[in-house]
Every structure is written in C-alpha cells, then in structure tokens.
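Undergrad: Here is what each chain is made of, one letter per residue.
Number of protein chains: 2
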Amino acid sequence: MRIGIVGATGAVGQETIQVLKDRGFPVTELHLFASERSAGKTTETAFGTITIEPFSVDAARGMDIVFLAVSGDFAKEYAPQIAAEGGAVVIDNSSAFRYDDAVPLVVPEINGRRALGQKLIANPNCTTAILLMALAPLHEAFGVKRAIVSTYQAASGAGAEGMTELEQGARQYLAGEPVTASKFAHPLAFNLIPHIDSFQDNGYTREEMKVLWETRKIMEAPEVLLSCTAVRVPTMRAHAEAVTIETRHPVTPAAAREVLAKAQGVTLADDPANKLYPMPLTASSKYDVEVGRIRESLVFGETGLDFFVCGDQLLKGAALNTVQIAELLV
Amino acid sequence: MRIGIVGATGAVGQETIQVLKDRGFPVTELHLFASERSAGKTTETAFGTITIEPFSVDAARGMDIVFLAVSGDFAKEYAPQIAAEGGAVVIDNSSAFRYDDAVPLVVPEINGRRALGQKLIANPNCTTAILLMALAPLHEAFGVKRAIVSTYQAASGAGAEGMTELEQGARQYLAGEPVTASKFAHPLAFNLIPHIDSFQDNGYTREEMKVLWETRKIMEAPEVLLSCTAVRVPTMRAHAEAVTIETRHPVTPAAAREVLAKAQGVTLADDPANKLYPMPLTASSKYDVEVGRIRESLVFGETGLDFFVCGDQLLKGAALNTVQIAELLV
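Residue numbers (our numbering), protein chains in the order written: chain W, 1 to 330; chain B, 331 to 660.
In short, the hints are calculated from the structure, not lab data.
Ideal placement from N, C-alpha and C gives every residue a C-beta, glycine not left out.
Do not take every clue at face value.
[Claimed, not checked] Straight line, CA to CA, 30 Å or less: simulated DSS-like cross-link-like pairs of lysine-lysine:
| # | chain 1 | residue 1 | chain 2 | residue 2 |
| --- | --- | --- | --- | --- |
| 1 | B | Lys-406 | B | Lys-371 |
| 2 | B | Lys-616 | W | Lys-183 |
| 3 | W | Lys-286 | B | Lys-513 |
| 4 | B | Lys-616 | W | Lys-275 |
| 5 | W | Lys-183 | W | Lys-41 |
| 6 | W | Lys-275 | W | Lys-21 |
| 7 | B | Lys-605 | W | Lys-183 |
| 8 | B | Lys-616 | B | Lys-351 |
| 9 | W | Lys-145 | B | Lys-513 |
| 10 | W | Lys-145 | W | Lys-76 |
| 11 | B | Lys-351 | B | Lys-371 |
| 12 | B | Lys-406 | B | Lys-351 |
| 13 | B | Lys-605 | W | Lys-76 |
| 14 | B | Lys-513 | W | Lys-275 |
| 15 | B | Lys-406 | B | Lys-513 |
| 16 | B | Lys-592 | B | Lys-616 |
| 17 | W | Lys-286 | W | Lys-275 |
[To be verified] Chain B stretches covered by chain W per the calculated footprint, using a threshold of three residues with CB under 8 Å from any CB of chain W:
| # | segment |
| --- | --- |
| 18 | 474–482 |
| 19 | 507–520 |
| 20 | 591–597 |
| 21 | 618–627 |
Build out the structure end to end from the sequences listed, making use of the hints.
TA: Written as structure tokens, this is what we have:
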C-alpha cells in the first residue's frame, strides 16, 4: 500500500515509520511529508533513505493511507480534503476530530469495528489509549461506574522537543545552572507540572477532560463518571496512571487479573513480592501496556479496585495505535 | 532548653538543626548524637561547630527535649528509656509509636493539644502530614467521607542517600551508562517506582496504609475511607499528591479556597491562568504546604473536590513538624 506520513520528522512520525517496518505492514511506497523547512532533506529510515516531500493535498490524496502526526489546526483544515471522494484514508493523531460524532475514535483492541469502511479515523489521546487498555476490559466484565485517574506523563507527550528540553534541563540542574523552559510551562527536570494543555472554565485542563470525553466515546459508555488529574513528570516516553474504579458488579483482584491476562495488548506486571509492577523503565519501547498493583479499593470495597498502568506514549499512545488502525483496513 | 538530636548527620537531623535556628527556638545546649562511626567528628551547624557524641540513654535523658531522626527499631528500644520518669521529652520521627493508642500522633496545626503534657510524641509519616494540611481543614468544614490519594514522592523520603542516588542515577543516564540502584528497588532517574516501604497482604504498601491509619488517628475520624497509591518519582525533596474527596456536606471550589486561605501552614497556589499551582520547584525549602488545582470533582459532583498539594518532605514532612511540636511544649 502507498503510505504517507505527514509530520514525518516529529517523534510520533519517526515512531510510525519504525512500527510500520517492525510489524511488517505491506508498504509498497512510503512518502514522508513535513514542513517546507524539512522538505528536500533526506532521512534514514527503516525503509531506507527517503527524501522529505513538501506537503500538498494532491500528493496526499494519491496515497492509500495517510497518517497525520501534526497539529489539530492542520488536521482540521486538510484531513477532510485528503479523505474526500477518491482520496486517501486518513488516520489522524490530533484531537481535531475526536469529538465529532461522525468520526470514529478507535483503539483497535476495544472498538476496532468502528474503523471499517471509514475514510477519516481519529486516534485517541495518549493517556486515554493507555488507560483504556486496562479500563475497557474491566468495564466489559464488571461495569465501571466511576473512575479516578492521576497521571504521571512523560516528556515525549510534548514531542521530541519535550524530551530534549527534559534532558537539557537535567544537565543544567546537575551543573548547578538555572533550568530553562520553553516547551513546558516550567522547568520539568526534577520537578512536576500539574498542567498539560490549556485550562478550561471548570478548572480542569483540556488534557484531563479529553480522558473523560474519549473514554465515554470509545467505551460507548456515556454514563461513566471520570475525574482526572494530569501531571507532567520528568520521565522520557512512558506515561503511567494511578487508577481507582468503582464497579457496578462485585470484583476481586483475582477476577480482574484473570480478565486482564486475557486482554490483548496488556501485560500483567503484578508480582510485588518480586518487585514487578508497571514502570516507565520496563514499559518504554514496548507495544503492550503494563498493568499491576491490582488491589481491592479501600474506598469502594468489593465493588472497587485500585491499579497502576504504564505504557509507551509514543507507541500505544500514538504510533502503534495508528498502525493497528491501518492494519484493520488492509 | 537542652536539645538532643539523635541521627543528627542524616537529612532530617540536619534540617532539624536548621529549623531550630531559623525559628529562634530557645536552645541553651545542643547535643548531636549519631552512630559510633560519626562520633567524635565535628560538624558545622547554624549553632556553630559541634562535636558529634555517641548516643547513650543517660546522655539523652539529660536533655529537655530529644528529637529522634532514626529507624523505628532504634526508637522502639530507646524512646521509652529516654522518656521514662525523670528523663527527656521525646519527639520521634519513626513509625514505631504512631499506631500506639497511648502515644499522641501530632500535626500542631491540627491536633497540637494532644502533645501537651506528654513525654513521648510521634511525628507522622511525611505524606500524611503534607496531605492533612489541606485535608483536615476541609474535613472540619465539609466532612470528608472518602479520599483517593495518588502520591508523587521525592527521593528525600529515602534520606540523603536517596537524593544522592537520584542525582548519581541522572548523571549515569545522561552519560548513557546503566543506572545503578541500591537505596531504591529500581533505578529512579527518569523512572517511576510504585513501591515505597514493604507490601502488605492486602496488596497495599505499608506507606499507603500509613496514610489511612494516620489520617484517621490525627483527624480523630475512624470512619473516613481512604485509598492511596504511593509512587516514588525523580524529584529531590518535595512530595506532591493528587487528591479526590467525597464530602458529607456540599462544597464548592470557592468555599474550599476560603477555608484553605485561612488554614495555618497552607499557601494557596491556585491561579492556573498565571501558571500558579503546587510544584516541587516552588514548594521545596518552604515551610508552608502548597494547595491548588482546586475544582469540583467530576465523579462526586457537588459533594466532591479534586485538588493537588505539594510540600517539602524534609520540612513539614519531618523536621519542621517536630520542631513545631517542641514549640508547643516550651
């Protein structure tokens, strides 16, 4: 298939190329599109040396599938043009179409059928995708009534520049120099920033609201109550989340483990006696999302669980999920 | 007053000396006790150059107040001997006596009266003390029914060696070397470890259970339900906590802010439009605990709040609180 990646020089774009290769996606042509600044440059990829092309709607429409790893504004303007009658299928990483009832929002393991026959498909927010790998199977088995989520989000959520800024900041800190910040609202090295995306009128950030909105849409469960606190932490590329749920039906940690052990794309990392639990150190660069620290909730009792998840933000949180969506369409 | 500090060379011991000086505590003699290894060495302190003494029960009994900044095992053995008839008042940082009904567990702003006339007083776990600076005033005003707490705990919780290991680990990481770990269960630099203290049969760590046990004891509220996930994060010395509460009485963010603005030892850091919220960067080395991100809970509605707290683990989480207890006794 003729594959186009728009935003190919960014962190997600780069991961998408690698995932296509690693999973043996049937790529016949690979076109990498980026800004005018990068156009004409060559880049080494798993598919060989490729010259970056300037983006044009016509070129993108000539593909079978186009991955958009760009801003919401760009997607909003160009995705419909690329996907229009006779154009390519568009899989969009941005939030531009996620809340559009006419556009499916897809995590293949959960609601992959929604992608079939569609020309424009939205990829969820990274935090949501990682959360739902555990939450959706538990919802199916026990019915999730309420969820409280506290996130530990890696620098990669702000792209390659975010990771560079964290690394540079750590070097500055260790050298006793002031830590500078431009990508993040404050210095991130050796700090925590409870501020991701813009603040809404209700005091929640848009990042926090996305987790609620997207969870309801993907699980097709508008009745689920969910509150999120999203915190940027000084890790590189895996997001972690502490989750407490209240369920409709009684649940035990053992029953939850049984459900999660069967869930596709999930690795149980839940053996505290052997110091095994989800961590960025072990979840980074892995396709599966790690789930562990599963225990009865001390606030919801027999209809509640506490657990911890960790997944690679650039993979299940972005590139991997989009390639999995593409695989549904082959 | 004649003051003794046992464990004077550790991170908490060092902070205690500084806090005594900074707050103008009426110190007439300062005796620093440490292990045989350190005894005889001199140390520069805010009170001048002091020679470290080897610990002995008799020497400690000769003080007016003794701060124990040592292990629970040491405290269990020696605290009762130091405090026995004719001895000194003991303020113990360890968990040895926190759950003993006969020993008060004190945060001066909350239950300071419990310390009066006592010879042995326990200082709470750092995470609990920082949490309660916000939770206790809210409990008094609105009645806390349930609390869900996710922590972001700094390396200082494992003492000076914890901070050194994090710094060394960050240097190793940035140099592309393997990150070594001995104080922590896994490398902490650029990682998260959802494991603090030992695991209990119910799947919670002892650190997580301490927050429940100590909250109930200090707030004198055995009916409060609380579930905690305690996570070590790569920050140096301030703990942060994401908190969701369900209250008995209706609460609004504005009403909560009004209560917290009046609470002693609390700084409201709650102006998202100006990027003001609790962070280790701003809470470190401060006496006050920062509270912010106050908003209506999306799972508990009008009887619920979400908020974020951050406080210096070595100060309100340890040294400051013990000196404040001592101030009650002067």
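Undergrad: Hints broken by the structure, by number, lowest first?
TA: 4, 6, 9, 10 and 20
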